[in-house]
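**Q** Letter by letter, the chains look like this.
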Amino acid sequence: EPEVTQTPSHQVTQMGQEVILRCVPISNHLYFYWYRQILGQKVEFLVSFYNNEISEKSEIFDDQFSVERPDGSNFTLKIRSTKLEDSAMYFCASRQGEQETQYFGPGTRLLVL
Amino acid sequence: GNSVTQMEGPVTLSEEAFLTINCTYTATGYPSLFWYVQYPGEGLQLLLKATKADDKGSNKGFEATYRKETTSFHLEKGSVQVSDSAVYFCALSPYSSASKIIFGSGTRLSIRP
Chain A
1 EPEVTQTPSH QVTQMGQEVI LRCVPISNHL YFYWYRQILG QKVEFLVSFY
51 NNEISEKSEI FDDQFSVERP DGSNFTLKIR STKLEDSAMY FCASRQGEQE
101 TQYFGPGTRL LVL
Chain B
1 GNSVTQMEGP VTLSEEAFLT INCTYTATGY PSLFWYVQYP GEGLQLLLKA
51 TKADDKGSNK GFEATYRKET TSFHLEKGSV QVSDSAVYFC ALSPYSSASK
101 IIFGSGTRLS IRP
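Those protein sequence lines, which keep their order, are chains A and B.
Take 1 as the starting number for the first sequence in the numbering used here and just add one per residue.
Take 1 as the starting number for the second sequence in the numbering used here and just add one per residue.
It should be emphasised that the hints constitute simulated quantities derived from the structure, not laboratory data.
Ideal placement from N, C-alpha and C gives every residue a C-beta, glycine not left out.
Do not rely on the hints blindly, as some may be mistaken.
[Stated by the list, open to error] Sample of chain B residues with no beta-carbon within 10 Å of chain A, all distances over it, derived: (1) Met7; (2) Thr12; (3) Ser14; (4) Asn22; (5) Thr24; (6) Ala27; (7) Gly29; (8) Lys56; (9) Phe62.
[Stated by the list, open to error] Subject to a maximum C-alpha distance of 25 Å in a straight line, what follows is the list of computed PhoX-like cross-link-like pairs (lysine-lysine): (10) Lys42/A x Lys77/B; (11) Lys83/A x Lys57/A; (12) Lys42/A x Lys68/B; (13) Lys60/B x Lys42/A; (14) Lys57/A x Lys78/A; (15) Lys78/A x Lys42/A; (16) Lys49/B x Lys42/A.
Build the full structure now, drawing on both the sequences and the hints.
**A** Quick look at the structure:
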């Protein structure tokens, strides 16, 4: 069964450093998402991406964040200058059509020191 | 606005007990409703969903019915197993293109042998 994959599974970085989290959505999916889950808290929407542009973003998704689909398979989340409060589990998700189910990847646990 | 409220955990039950996890929602229009499950150390998996009023979603012995009149989507299982120990998230997706998912805070379920 096709699945969403994410790399790396864990990343540790120093405050102020740039990180890029990578996702490979399911191949025929058209809508892509990033969510995050701070430890012990609820899963929060960050951004949705369709047709090579951001379709919606949350208040969390400020100028430090950016997303890109650099080729036909990868979908990346870049944090330009990490802060301590960016430490969280980051989930990528994708879906095929407008009313289809979103499928989530296993997540990348980011720790900012 | 759109939001999801679910019962706080942790919930601890004995094997073969009956499970109910309450979930209510606030939404404009007619959202789709979901239960996602997160097993220890893993990502989010879709457990079941319902897309319109009175629909019943079911999977792996779990059920939830979309109740528009009470804006609820309670999760039930007749006889839980140790392997059901996980965090359960109630969620909704507003009826619009490229919709995000809005999650509840999650309920941790532990099943004793």
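**Q** Would you say Ser14/B is clear of chain A, with no C-beta pair closer than or equal to 10 Å?
**A** holds, 26 Å
**Q** Classify the label on Gly29/B as holds or violated, using whether its beta-carbon is more than 10 Å from each beta-carbon of chain A.
**A** With a cut-off of 10 Å, Gly29/B remains clear of chain A, as the shortest Cβ separation is near 13 Å.
**Q** Taking only the CA atoms, is the gap from Lys42/A to Lys77/B under or equal to 25 Å?
**A** holds, 23 Å
**Q** Quickly compare the C-alpha distance for Lys57/A and Lys78/A to 25 Å and report which way the hint goes.
**A** holds, 14 Å
**Q** Against the 25 Å threshold, does the CA-CA distance of Lys49/B and Lys42/A hold or violate the hint?
**A** holds, 19 Å
**Q** Does Phe62/B clear chain A by more than 10 Å, comparing its Cβ with all Cβ atoms of that chain?
**A** Check passes; 16 Å lies beyond 10 Å.
**Q** Confirm or reject: Thr24/B is not an interface residue toward chain A, with every Cβ-Cβ distance exceeding 10 Å.
**A** holds, 15 Å
**Q** Is the claim that Thr12/B lies outside the interface with chain A correct, judged by CB distances over 10 Å?
**A** Its Cβ never comes within 10 Å of chain A, the nearest being 18 Å, so this holds.
**Q** Would you say Lys56/B is clear of chain A, with no C-beta pair closer than or equal to 10 Å?
**A** Since the minimum Cβ distance to chain A is about 17 Å, Lys56/B lies beyond 10 Å and the statement holds.
**Q** With a cut-off of 25 Å on the C-alpha distance, tell me whether Lys42/A and Lys68/B pass.
**A** Holds. Lys42/A to Lys68/B sits at ~24 Å (cutoff 25 Å).
**Q** With a cut-off of 25 Å on the C-alpha distance, tell me whether Lys60/B and Lys42/A pass.
**A** holds, 24 Å
**Q** Beyond 10 Å on every Cβ pair: is that true for Met7/B relative to chain A?
**A** Its Cβ never comes within 10 Å of chain A, the nearest being 14 Å, so this holds.
Checked against the numbered hints listed earlier, the structure breaks none of them; every hint is satisfied.
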